[in-house]
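Number of protein chains: 2
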Amino acid sequence: MSLAQLPKVLVVGSGGVGTIAALSLWTRKRSNVTLVVRSDYQKIIDKGFTINSCTYGHIENWRPHNVAKSVEDAAKYGEFDYIIVTTKNIPDGKMTCEEIIKPAVSDKSTILLMQNGIGIDTPMHQAFPKNVILSAVTHIGSTNYNGIIENKGPDNVFLGDFKKESSPKVRQIIENFIHIYKNDNDLNFIRVDENVSQTRWEKLIYNSVFNPVTAILNIDVTRCQINGLNDSIFRPAMRELISIAKSEGVEIDEEEKIEKFIHIGDGLFYSPSMCVDQKKNQLMELEIILGNPLKIAAKNGVSTPILSLIYGLVSVVQFRIKESIGLLKINEDDFKIDSDKLHDVYLEKYAHK
Amino acid sequence: MSLAQLPKVLVVGSGGVGTIAALSLWTRKRSNVTLVVRSDYQKIIDKGFTINSCTYGHIENWRPHNVAKSVEDAAKYGEFDYIIVTTKNIPDGKMTCEEIIKPAVSDKSTILLMQNGIGIDTPMHQAFPKNVILSAVTHIGSTNYNGIIENKGPDNVFLGDFKKESSPKVRQIIENFIHIYKNDNDLNFIRVDENVSQTRWEKLIYNSVFNPVTAILNIDVTRCQINGLNDSIFRPAMRELISIAKSEGVEIDEEEKIEKFIHIGDGLFYSPSMCVDQKKNQLMELEIILGNPLKIAAKNGVSTPILSLIYGLVSVVQFRIKESIGLLKINEDDFKIDSDKLHDVYLEKYAHK
Numbered sequence: 003m004s005l006a007q008l009p010k011v012l013v014v015g016s017g018g019v020g021t022i023a024a025l026s027l028w029t030r031k032r033s034n035v036t037l038v039v040r041s042d043y044q045k046i047i048d049k050g051f052t053i054n055s056c057t058y059g060h061i062e063n064w065r066p067h068n069v070a071k072s073v074e075d076a077a078k079y080g081e082f083d084y085i086i087v088t089t090k091n092i093p094d095g096k097m098t099c100e101e102i103i104k105p106a107v108s109d110k111s112t113i114l115l116m117q118n119g120i121g122i123d124t125p126m127h128q129a130f131p132k133n134v135i136l137s138a139v140t141h142i143g144s145t146n147y148n149g150i151i152e153n154k155g156p157d158n159v160f161l162g163d164f165k166k167e168s169s170p171k172v173r174q175i176i177e178n179f180i181h182i183y184k185n186d187n188d189l190n191f192i193r194v195d196e197n198v199s200q201t202r203w204e205k206l207i208y209n210s211v212f213n214p215v216t217a218i219l220n221i222d223v224t225r226c227q228i229n230g231l232n233d234s235i236f237r238p239a240m241r242e243l244i245s246i247a248k249s250e251g252v253e254i255d256e257e258e259k260i261e262k263f264i265h266i267g268d269g270l271f272y273s274p275s276m277c278v279d280q281k282k283n284q285l286m287e288l289e290i291i292l293g294n295p296l297k298i299a300a301k302n303g304v305s306t307p308i309l310s311l312i313y314g315l316v317s318v319v320q321f322r323i324k325e326s327i328g329l330l331k332i333n334e335d336d337f338k339i340d341s342d343k344l345h346d347v348y349l350e351k352y353a354h355k
Numbered sequence: 003m004s005l006a007q008l009p010k011v012l013v014v015g016s017g018g019v020g021t022i023a024a025l026s027l028w029t030r031k032r033s034n035v036t037l038v039v040r041s042d043y044q045k046i047i048d049k050g051f052t053i054n055s056c057t058y059g060h061i062e063n064w065r066p067h068n069v070a071k072s073v074e075d076a077a078k079y080g081e082f083d084y085i086i087v088t089t090k091n092i093p094d095g096k097m098t099c100e101e102i103i104k105p106a107v108s109d110k111s112t113i114l115l116m117q118n119g120i121g122i123d124t125p126m127h128q129a130f131p132k133n134v135i136l137s138a139v140t141h142i143g144s145t146n147y148n149g150i151i152e153n154k155g156p157d158n159v160f161l162g163d164f165k166k167e168s169s170p171k172v173r174q175i176i177e178n179f180i181h182i183y184k185n186d187n188d189l190n191f192i193r194v195d196e197n198v199s200q201t202r203w204e205k206l207i208y209n210s211v212f213n214p215v216t217a218i219l220n221i222d223v224t225r226c227q228i229n230g231l232n233d234s235i236f237r238p239a240m241r242e243l244i245s246i247a248k249s250e251g252v253e254i255d256e257e258e259k260i261e262k263f264i265h266i267g268d269g270l271f272y273s274p275s276m277c278v279d280q281k282k283n284q285l286m287e288l289e290i291i292l293g294n295p296l297k298i299a300a301k302n303g304v305s306t307p308i309l310s311l312i313y314g315l316v317s318v319v320q321f322r323i324k325e326s327i328g329l330l331k332i333n334e335d336d337f338k339i340d341s342d343k344l345h346d347v348y349l350e351k352y353a354h355k
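Chains B and F supply the protein sequences, listed in that same order.
Take 3 as the starting number for the first sequence in the working numbering and just add one per residue.
Take 3 as the starting number for the second sequence in the working numbering and just add one per residue.
Since the hints were made in silico from the structure, they are not lab data.
Keep in mind that a hint or two might mislead.
Claimed, not checked - With a straight-line Cα cutoff of 16 Å, these simulated EDC-like cross-link-like pairs (lysine to aspartate or glutamate) come out:
{"id": "1", "chain 1": "F", "residue 1": "K71", "chain 2": "F", "residue 2": "D42"}
{"id": "2", "chain 1": "B", "residue 1": "K297", "chain 2": "B", "residue 2": "E250"}
{"id": "3", "chain 1": "B", "residue 1": "K165", "chain 2": "B", "residue 2": "E196"}
{"id": "4", "chain 1": "F", "residue 1": "K338", "chain 2": "B", "residue 2": "D268"}
{"id": "5", "chain 1": "B", "residue 1": "K338", "chain 2": "F", "residue 2": "D222"}
{"id": "6", "chain 1": "B", "residue 1": "K338", "chain 2": "F", "residue 2": "D268"}
{"id": "7", "chain 1": "F", "residue 1": "K262", "chain 2": "B", "residue 2": "D340"}
{"id": "8", "chain 1": "F", "residue 1": "K343", "chain 2": "B", "residue 2": "E250"}
{"id": "9", "chain 1": "F", "residue 1": "K343", "chain 2": "B", "residue 2": "D268"}
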């Protein structure tokens with residue numbers, strides 16, 4: 003088949019995860035791959051990426067078939083069969099993911115959310131009710147350092163339907179995508195995720211706890227553990243998260259998973275993404291990692307004293323970042339009033355999203 | 003009386019509080035005042051302080067009778083009748099207050115702790131069992147900006163005995179000190195504190211809650227309130243603090259005091275001292291403000307879920323500051339082990355105090 007006849011894939015977001023996804027598709031030669039590259043666009047047009055991947059090796063000057071500087075710009079490369087969303091998912095940020103991908107979505111586009119978190123499919127379904135929306139959870143370990151991709155973990159993707167029961171049509175789409183993505187490579191593990199909820203909630207045991215706490219404290223996980231936080235905060239917070247999952251019918255082997263995540267970074271002094279984001283003064287994926295689970299807890303009547311307190315604190319960190327990047331401009335004169343009225347004034351005048 | 007015959011007072015710490023205390027004593031002319039000035043010593047020797055005080059007016063080039071560059075250096079100015087300790091009280095810092103004042107303490111010295119917090123008298127009594135130790139709580143509003151003292155609030159001191167029942171001797175010492183401190187000035191309010199515990203616990207309702215939370219979040223009180231923390235954290239944490247006070251026999255009108263402190267800074271966007279300290283990367287008065295109340299809670303079986311969680315978090319902030327100023331040097335190789343063993347290794351190898 004000529005390139006023009008192949009399925010068209012748009013990868014939105016050229017971080018460590020998005021670039022390796024584009025590379026895997028490109029390597030497989032069964033799709034026409036467009037990658038949206040925002041901040042490094044000219045650099046990538048000129049020189050391409052440098053790839054250091056345990057799965058795909060060392061590659062210089064790599065580019066997929068098309069590189070676009072925005073989603074609007076990408077639209078010229080096709081009606082896309084697949085749109086893979088790998089950007090950070092920050093519904094309280096400058097643009098929602100729905101707004102970001104809108105210019106490229108056609109009726110035939112299948113949208114793959116290659117992102118963390120819970121509840122990310124709901125606004126996507128609302129924005130694009132006719133489109134198939136799939137869950138792609140990665141365990142890859144890949145970072146983009148200004149055009150140099152350091153990818154230390156296998157290309158491990160769990161692809162599935164957000165709905166519990168998939169239609170035959172959706173099952174076929176999942177198989178089709180695996181067909182254009184899966185390389186003959188022992189380290190490329192894309193597979194069908196039979197239980198997306200389970201996969202996502204289990205990943206949250208780590209993310210909902212270590213991410214916000216290290217972001218609040220601006221310090222790595224190991225240093226928190228040195229200070230005794232395993233027992234005072236991490237384990238009890240993980241128990242709360244697992245209770246929320248259970249209230250949604252997701253059964254998790256509590257002790258096994260808690261001990262797995264408590265020890266997964268032993269000795270690594272690792273800073274999770276939200277900690278790195280606040281260090282860089284960038285907005286954090288707070289709502290999809292912790293806010294949405296807590297909304298579900300409230301709906302289902304699950305008690306979450308520790309997670310709620312952590313959410314209250316990390317929300318202020320997000321607020322601080324919004325102010326500091328100019329996304330939010332507080333007029334102090336609006337707040338020279340009874341302190342109990344401040345939150346309502348804020349919600350009314352400032353927090354439109 | 004000649005100056006040599008007057009009682010000798012040593013003021014340790016030349017911040018906003020200590021300098022105004024020295025100024026009040028000097029103005030009264032009934033004592034011989036020595037002030038320890040560490041960081042700005044030469045500047046003060048050369049030019050003195052500039053004072054902008056609502057109580058004592060505008061004064062240029064002011065110095066007390068003696069200025070010493072250290073407590074050791076001060077010892078040459080006398081056997082002191084009174085030693086007023088106005089430094090920050092950080093028992094987990096480089097030096098404890100007991101170690102700081104030791105070179106100047108003689109058998110006849112009365113020690114006035116002009117400092118915040120609970121439990122500060124215990125190590126002082128242990129170090130100096132023969133000396134009278136008094137509590138001085140100030141509400142003054144005074145800051146030292148490199149030798150310029152901005153003092154916006156009246157000179158308001160509550161002087162009392164840490165013990166519930168004062169001996170006649172101690173009562174006389176308190177009266178004697180008031181005699182050498184109280185000026186004929188409507189804004190100089192030094193008075194006998196008949197219930198030191200009550201005074202100190204009530205001040206903690208503010209300090210134990212607003213201080214650590216704003217320090218963790220690196221943001222002022224009003225911005226926390228904009229984000230809804232009055233109800234989610236501040237009020238319930240204040241209730242816990244009041245329960246601890248009650249377990250020590252200190253009765254506090256809960257709703258009245260909580261509402262007073264919730265609204266005391268309405269519209270001011272104020273950053274409490276611990277928040278300012280962490281911003282400047284200086285150690286915080288964490289133990290005397292929150293650690294000691296929680297030790298009392300544990301002893302008396304008072305439940306403190308919120309304050310304990312906040313203490314867990316702010317302890318990591320203190321750890322981060324200790325590392326960053328070099329007071330603590332973590333060898334990562336010591337911690338490349340089971341994360342549950344890290345805290346014990348830390349306590350054993352690093353946290354000697």
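Run the distance test for F/K262 versus B/D340: straight-line Cα separation, threshold 16 Å. With Cα atoms ~12 Å apart, F/K262 and B/D340 stay inside 16 Å; holds.
Has the given pair, F/K338 with B/D268, been kept, meaning a C-alpha gap of at most 16 Å? holds (6 Å)
Within a Cα-Cα threshold of 16 Å, do B/K338 and F/D268 meet the stated pairing? Holds, at roughly 6 Å.
For the pair we were handed, F/K343 and B/D268, check the Cα-Cα distance against 16 Å. holds (10 Å)
Run the distance test for B/K297 versus B/E250: straight-line Cα separation, threshold 16 Å. holds (12 Å)
When you check the alpha-carbon spacing of B/K165 and B/E196, does it fall within 16 Å? holds (10 Å)
Between F/K71 and F/D42, does the CA-CA distance stay at or below 16 Å? Holds: F/K71 and F/D42 sit about 9 Å apart, inside 16 Å.
When you check the alpha-carbon spacing of F/K343 and B/E250, does it fall within 16 Å? violated (34 Å)
Would the pair B/K338 and F/D222 pass a check requiring their Cα atoms to be no farther apart than 16 Å? Answer holds: B/K338 to F/D222 is near 14 Å, not above 16 Å.
Hint compliance for this structure: hint 8 is the single one not met.
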